[in-house]
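**Q** Sequence:
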Amino acid sequence: MPDATQLPDLAGKRLLLVISGGIAAYKALELIRLMRKSGASVRAVLTKAGAEFVTPLSVGALTEDKVYTDLFSLTDEAEMGHIRLSREADLIVVAPATADLLAKMAQGLADDIASTTLLAGDKTVLVAPAMNYRMWEHPATVANLATLESRGVLRVGPEPGPMACGEFGTGRMAEPADILQAVASFFTSTAVGGRLKGRRVLVTSGPTREAIDPVRFISNHSSGKQGHAIAAAFAKQGAETILVTGPTVEPVPAGVAVVRVESAEDMLNACLKSLPVDVAVCAAAVGDWRVAKPSAKKIKKRGDETLELKLTQTPDILKTLSKKGPKRPRLVVGFALETDDLMKNAAAKLKSKGCDWIVANAAAQDGSVFGSDYNSVSLVSAEGTQSWPRVTKQDVGQRLAAAAADTLSAPTNPSRKIGAA
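Numbering (the numbering used here) for the sequence shown: 1 to 421.
Keep in mind the hints are simulated off the structure, nothing from the lab. Don't take every hint at face value.
[What the hints assert, rightly or not] Label-pair distances were calculated between CB atoms; the ranges are:
hint: 1; residue 1: 352; residue 2: 297; range: 25 to 31 Å
hint: 2; residue 1: 26; residue 2: 269; range: 49 to 55 Å
hint: 3; residue 1: 319; residue 2: 120; range: 46 to 52 Å
[Claimed, not checked] Straight-line distance between alpha carbons at most 27 Å, and here's what the computed DSSO-like set of lysine-lysine pairs gives:
hint: 4; residue 1: 297; residue 2: 310
hint: 5; residue 1: 344; residue 2: 273
hint: 6; residue 1: 351; residue 2: 324
hint: 7; residue 1: 344; residue 2: 323
Just so you know, these numbers come straight off a predicted model, no measurement behind them. By construction, the Cβ of each residue, glycine as well, lies at the ideal position given by its N, Cα and C atoms.
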C-alpha cells in the first residue's frame with residue numbers, strides 16, 4: 001500500500017466514483033480513502049446491486065458527501081441530479097465496472113442512477129472492470145469494451161488471479177493503488193493539453209499481408225492491440241498522432257488519424273508520406289518476406305503434393321526511418337518479438353537498425369501474447385534497459401509515451417538515455 005509520500009497530488013480534483021454490484025465493491029472503500037488522501041474530493045453513486053456489498057453509510061463516511069443511490073429521488077431530480085453529478089466532476093471513475101454496466105454504457109441504456117449519470121455525462125470515464133473470467137472473455141463483453149474504448153473511455157485492469165467463485169483467470173478488479181495511478185495519469189496527460197502537445201507522432205500497428213495470389217496471402221498473428229494502445233497513449237498526451245495500420249479489427253483510438261494499408265511496401269510509403277514527425281514507433285509486425293511474383297490468378301491444386309514459392313525480402317521500415325537525414329525523427333522506436341535469446345537479439349537489432357530504442361518482448365510458445373490484453377516487455381537503449389513485467393498493453397503505451405515525453409523535453413540525444421517511465 002502506498003504511503004503518503006508516494007501518493008499523487010490530486011488536490012482540487014473532483015472525482016465521481018460509480019460503484020456497481022460485485023464482490024470487488026469492497027475495494028472501492030479503500031479507493032475512496034486513497035483518493036481523499038491524495039487531495040481529491042469524491043462523490044459516489046452506488047447502484048442497487050452495489051449496495052448489496054457496501055453500504056451507503058460506509059461510502060458516505062469516507063467521501064464525507066451525500067451518496068447517490070436513487071434515480072427517482074424527488075429532491076435530487078428536481079435539480080436534475082443525474083446531470084449535475086457528471087457535469088461537476090473532472091473525471092468519472094467506475095469501480096467496479098461489471099459486465100452489466102459496461103453493456104449498458106455501450107448500448108446507451110439508462111435505467112438507474114449510474115447508467116443515467118454516465119449517459120448524461122460530458123466528462124472522461126475511467127472503468128475498472130471486475131467479473132468472472134468467462135464473462136470477461138465473452139464476445140459480447142469484448143465487443144462492448146471495444147465500442148467504449150473507441151469512444152474514448154479509459155480502462156485499468158482487470159488482473160489475473162483467483163476469483164471469489166473459486167475459479168482462476170483474468171477478471172479481478174485492479175488494485176485501488178493502480179486505479180489511483182491511472183487517475184493521476186489522466187490528469188497528467190490532460191494538463192495544459194498534455195506533455196506532447198505540439199508534437200507529431202507516427203505509430204505503426206497490426207500485421208501486413210503479402211499476396212500469393214488474388215485470394216491468398218502471407219501474414220502473421222498480430223492483432224494490433226499493442227500498436228493501437230501506443231497510438232492512444234500518445235494522443236492522450238496531446239500529440240498529433242498518425243496510426244498506420246495493417247488489417248486489424250481493433251477500433252481506431254479517439255483523436256488518432258488512421259491510414260490503413262495491406263503490404264509492407266504500402267506501410268513504408270504511408271510512413272514516408274507522414275514525415276516529418278518527432279517520434280516514430282514501429283510496433284507493427286511487418287512481414288519479412290513476400291512472394292517474388294504473386295500469381296495474377298488463383299493457384300489451383302493440380303494433384304501436386306507441394307507448391308514452391310520464391311520469396312524475397314520486404315522493405316525494412318524501421319531501418320529506413322532510422323537513417324540519418326533531415327527528416328529522421330528525433331526518436332525512433334522499434335519492436336523485437338523473439339522466441340529465444342530475447343535480450344541478445346534485441347541488442348543486436350538496436351545496433352543493426354540504427355534506431356534509438358527497442359521494445360523487446362518474448363513470443364510465448366502457445367502464442368498467447370497475440371491478441372492478449374497483457375504484455376511483458378523491456379525497453380532497451382544503448383545506455384540501459386527497463387523491464388516492465390506483465391502489464392496491460394495500455395500501460396505499455398502509457399509508459400512509452402511518458403518516456404518519450406521525458407526525452408523530447410530534454411536536450412540529450414535520445415539514444416543515450418531512456419526517459420523515466
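**Q** If a hint holds in the structure, say so; if it does not, say that too.
**A** Against the structure, the hints:
no.	hint	result
1	352 with 297: 25 to 31 Å	violated, 38 Å
2	26 with 269: 49 to 55 Å	holds, 54 Å
3	319 with 120: 46 to 52 Å	holds, 51 Å
4	297 with 310	holds, 17 Å
5	344 with 273	violated, 33 Å
6	351 with 324	holds, 14 Å
7	344 with 323	holds, 22 Å
In this structure, the earlier hints numbered 1, 5 are contradicted, and the remaining ones agree with it.
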